[in-house]
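J.: Sequence:
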Amino acid sequence: MKDRKGTAAKGEDARKARLAEALRTNLAKRKAQTRARRAGDADQRPQGIEAAQAKPEG
60 MKDRKGTAAK GEDARKARLA EALRTNLAKR KAQTRARRAG DADQRPQGIE AAQAKPEG
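Throughout the sequence shown, residue numbering follows the numbering used here, covering 60 to 117 in sequence.
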C-alpha cells in the first residue's frame, strides 16, 4: 500500500511546478507587452476609472 503522504507531496510538487511555469510565462508576456509599448506609440485603449465610469455610446 502506498503512503498517502507521498502521493499528496507529489501532487503538491506538481501543482507548485505548474504555478511556477504559469508565473514565468505570465512574466515573459508582460515584459514583451512593456517592450512593445515602449517601442511604439502609447496604448490608446481606455483604462482605469475613467473607462469604467464612461457610458457606452448608442
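Derived by calculation from the structure, the hints in this document are not laboratory data. There may be inaccurate statements among the hints.
[Said to hold, decoys possible] Label-pair ranges, simulated between beta-carbon atoms:
#, residue 1, residue 2, range
1, G65, R96, 40 to 48 Å
2, A73, R94, 40 to 48 Å
3, T66, R96, 43 to 51 Å
4, Q112, R89, 23 to 31 Å
5, A91, Q112, 42 to 50 Å
6, Q112, Q92, 38 to 46 Å
7, T66, A98, 30 to 38 Å
From the three backbone atoms N, C-alpha and C, an ideal C-beta is built for every residue, glycine too.
J.: It remains to establish, for every hint, whether it holds in the given structure.
T.: Structure-based check of each hint:
A beta carbon spacing of about 47 Å between G65 and R96 agrees with the range 40 to 48 Å that was offered as a hint. In this structure the supplied range 40 to 48 Å is violated for A73 paired with R94, their Cβ-Cβ distance being about 32 Å. Checked against the given bound of 43 to 51 Å, the beta carbons of T66 and R96, roughly 45 Å apart, stay inside it. Judged by the Cβ atoms, the range 23 to 31 Å given for Q112 and R89 holds: they are separated by roughly 26 Å.
Take A91 and Q112: their Cβ atoms lie about 30 Å apart, and the range 42 to 50 Å is violated. For the hinted restraint 38 to 46 Å between Q112 and Q92, the CB-CB distance of approximately 25 Å leaves it violated. Separated by about 48 Å at the C-beta atoms, T66 and A98 break the suggested range of 30 to 38 Å.
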